[in-house]
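In terms of the working numbering, the sequence shown opens at residue 1 and continues consecutively.
Careful, some of the hints might be misleading.
To be verified - Keeping only pairs whose Cα atoms sit at most 20 angstroms apart, straight-line, the calculated DMTMM-like set for lysine to aspartate or glutamate is:
| # | residue 1 | residue 2 |
| --- | --- | --- |
| 1 | 254 | 209 |
| 2 | 131 | 396 |
| 3 | 254 | 195 |
| 4 | 186 | 172 |
| 5 | 211 | 257 |
| 6 | 254 | 226 |
| 7 | 385 | 538 |
| 8 | 186 | 35 |
| 9 | 211 | 510 |
| 10 | 254 | 312 |
| 11 | 521 | 396 |
| 12 | 522 | 399 |
| 13 | 385 | 477 |
| 14 | 124 | 538 |
| 15 | 211 | 226 |
| 16 | 522 | 391 |
| 17 | 254 | 330 |
| 18 | 293 | 391 |
| 19 | 385 | 234 |
| 20 | 521 | 466 |
| 21 | 211 | 477 |
| 22 | 522 | 312 |
| 23 | 521 | 209 |
| 24 | 254 | 172 |
| 25 | 385 | 473 |
Just so you know, these hints were derived from the structure itself, not from any lab.
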Amino acid sequence: MTVLSSDSSLRGALLCGLGLLCGFSAHHGLFIHGEWHVQAPQIVLGHVWFFFCFVAASVYYEGSAIGEASRALLVLSAGYVPSLLASIVLYRLFFHRLTRAGFRGPWYARVSKLWHVWAARDCKNHLVLEKLHEQYGDFVRTGPSEITVFHPGVFMGVDGPRSECIKAEWYDILHPDRALVTTRVKPIHAARRREWNRGFSAQALVQHESKILKYIEQLDSCIAADAAAGVASEVRNLFFWFGFDVMGDFVFSKSFDMLHQQQWHHIIVRLQRALSLLGPFSPAPWLIQVGFKLAPRVGVLRDWFDMVEWCERQMRARLDDEKPKPAVPDLAYYLMEMDDGQTGMQDRLTWLFGDSLLAIVAGRLTNRSEPTAAALIGVFCELAKHPHHAEQIYNELRDVDITDLKTLTSLPHLNAVINEGLRLYPALLTGGARKTTENGATIGGVFIPADTTIIAPRHVISRREDCFERAGEFIPERWSTRPEMVRNAAAFAPFGTGHHSCLGRFLATDTMRFVVARLVKKYRFRLAPGETGTRVFDEIRDQFTSNPGPLSLCFELR
């Protein structure tokens, strides 16, 4: 009995010691090197498979009972898991390159990004980072290998012509599909962007003006009906419907028809629910990969994959369509023409599905839908609170053809209002992460080591008092008659900079000019009874792109 007990204790000690060694070796031999977020599902499944095989082998080869084999597994795990976690935690707390460099931040941020997932659970990451900036300054360590930079030089530092930074792990969200926006390899991105430029040439943009004006007419009809009935318009819905209808036509030559139906399209409802994932889980891309691979039909993940399948069906339908080139080529046409020379059909489909999906999901390819709608909501909220700015725009528009884009582009106060709206209500509140390469990066005189993720929160940077006088106030004159109020123009980068700047920035600003000009020239508007305008910002959600709160306005014909 004593011998058996001694053998059992020895075996347990050996198993525990083996677990300790394996945990330490797994960290220093594997996980400490390179990126593992895409492989996270395989790592989880690999551990589960190993545990199963360990129990099965113990039962089959040693004749152990399942209970005894399970206890042996627990002993092995009791060595492996604490060893792995302890090695990770101690390294990140005391020996990591960012620790040695002296970057400040919450101590728990050194250990894991799970704190950030919890802190951003209500999709208010912009406020989480704002508080950290107030506490720690311009350079804050917000993750084991992550620095959030609030310095206005960050945009040129990570995306400027001399920058060697690449897109961060977040951009593998579509894996295995690929898209221009999510391409992390610079040469591939540059080559594909050159092809994309054809779809955003001056000639292509002129062709799309007729589409934009058609949907502005529908938007106007909705507002006119509310005005005639003497009821307030929920402009948040109207601007989102407008943005998505234009975007659907722009991408697939197929409107979502929401303005006409005056209700949300079922796939956009699913999109809105699916995007709630990006609020809390964007700080930890590996969790997104685990959810996508291991629980694709659970909760809002089902909405995401329903949306993916819908986009794939639309693109397959276009591929099977034998009609000639459309009079006004849509994005799908340019994508299919671009990828016609790919080496294989599967590679071609990977790009086509990825590009079309990103156009729907983030609007980032064209800066349509959500980004344009978000800025319009912000602009009209501010115009309703400061009606003298609307009157100044109206005076500029008195003798102007509001369908003449060249003329609209020359109107100083109209464009100043749009710029100020983009500053206070950026399309990306905290998104757009970058990663340093082997040479690191220097921003504002501070060196950031290699393999470090850099977050640049536009929400905070665009409201810095040292960059904009009275930064929290809506003062369009800073972009026209009072340029001294812009103390550091580098802090204003609503569409990005350099080789990663938004291809659709001109299309987005043109759309905003048309909408603001049409509605301001035709209507006076004010906040609806009981509406304070505070919900737009107070209820805004950071879901990669910004998602503002509701806004009710009363319109009346001039």
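To see whether the hints hold, each was checked on the structure:
A C-alpha spacing of about 16 angstroms is found between residue 254 and residue 209, which places the hinted pair at or below 20 angstroms, so the restraint holds. Taking the CA atoms of residue 131 and residue 396, the gap is near 40 angstroms; set against the 20 angstroms cutoff, the hint is violated. Straight-line distance between C-alpha atoms of residue 254 and residue 195 comes to about 23 angstroms, which puts the hinted pair past the 20 angstroms bound. Between residue 186 and residue 172 the alpha-carbon distance is near 14 angstroms, which keeps this suggested pair within the 20 angstroms criterion.
Restraint check for residue 211 and residue 257: satisfied, since their Cα atoms lie roughly 13 angstroms apart, inside the 20 angstroms limit. For the suggested pair residue 254 and residue 226, the alpha carbons sit about 26 angstroms apart, so the restraint of at most 20 angstroms is broken. A distance of roughly 15 angstroms separates the Cα atoms of residue 385 and residue 538; the hinted pair therefore holds under the 20 angstroms criterion. Annotation: proposed proximity of residue 186 to residue 35 holds, straight-line Cα distance about 17 angstroms (limit 20 angstroms).
For the hint linking residue 211 to residue 510, the alpha-carbon distance of about 12 angstroms falls within 20 angstroms, and the restraint holds. The suggested pairing of residue 254 with residue 312 holds, with an alpha-carbon distance near 14 angstroms, which does not exceed 20 angstroms. Straight-line distance between C-alpha atoms of residue 521 and residue 396 comes to about 9 angstroms, which keeps the hinted pair within the 20 angstroms bound. A hinted pair counts as satisfied when its Cα atoms are at most 20 angstroms apart, and residue 522 with residue 399 qualifies at roughly 13 angstroms.
Straight-line distance between C-alpha atoms of residue 385 and residue 477 comes to about 16 angstroms, which keeps the hinted pair within the 20 angstroms bound. The hinted pair formed by residue 124 and residue 538 meets the criterion: a straight-line CA distance of about 10 angstroms does not exceed 20 angstroms. Distance restraint check for residue 211 and residue 226: the Cα-Cα separation of roughly 23 angstroms exceeds the 20 angstroms cut-off, and the hinted pair is therefore not satisfied. The suggested pairing of residue 522 with residue 391 holds, with an alpha-carbon distance near 11 angstroms, which does not exceed 20 angstroms.
For the proposed pair residue 254 and residue 330, the alpha carbon gap of about 10 angstroms is at most 20 angstroms, so the pair holds. Simply put, residue 293 and residue 391 have alpha-carbon atoms about 53 angstroms apart, too far for the 20 angstroms limit, and the pair is violated. Under the criterion of a C-alpha separation no larger than 20 angstroms, the hint pairing residue 385 with residue 234 is consistent with the structure, at around 16 angstroms. Restraint check for residue 521 and residue 466: the C-alpha separation of about 35 angstroms exceeds 20 angstroms, so the hint is violated.
Under the criterion of a C-alpha separation no larger than 20 angstroms, the hint pairing residue 211 with residue 477 is inconsistent with the structure, at around 31 angstroms. Restraint check for residue 522 and residue 312: the C-alpha separation of about 40 angstroms exceeds 20 angstroms, so the hint is violated. Taking the CA atoms of residue 521 and residue 209, the gap is near 19 angstroms; set against the 20 angstroms cutoff, the hint holds. At most 20 angstroms may separate the alpha-carbon atoms for a hinted pair to count; residue 254 and residue 172 exceed this at roughly 28 angstroms.
Our distance criterion of 20 angstroms between C-alpha atoms is met by residue 385 and residue 473, whose separation comes to about 12 angstroms.
The structure is inconsistent with the numbered hints 2, 3, 6, 15, 18, 20, 21, 22 and 24, although it conforms to all the rest.
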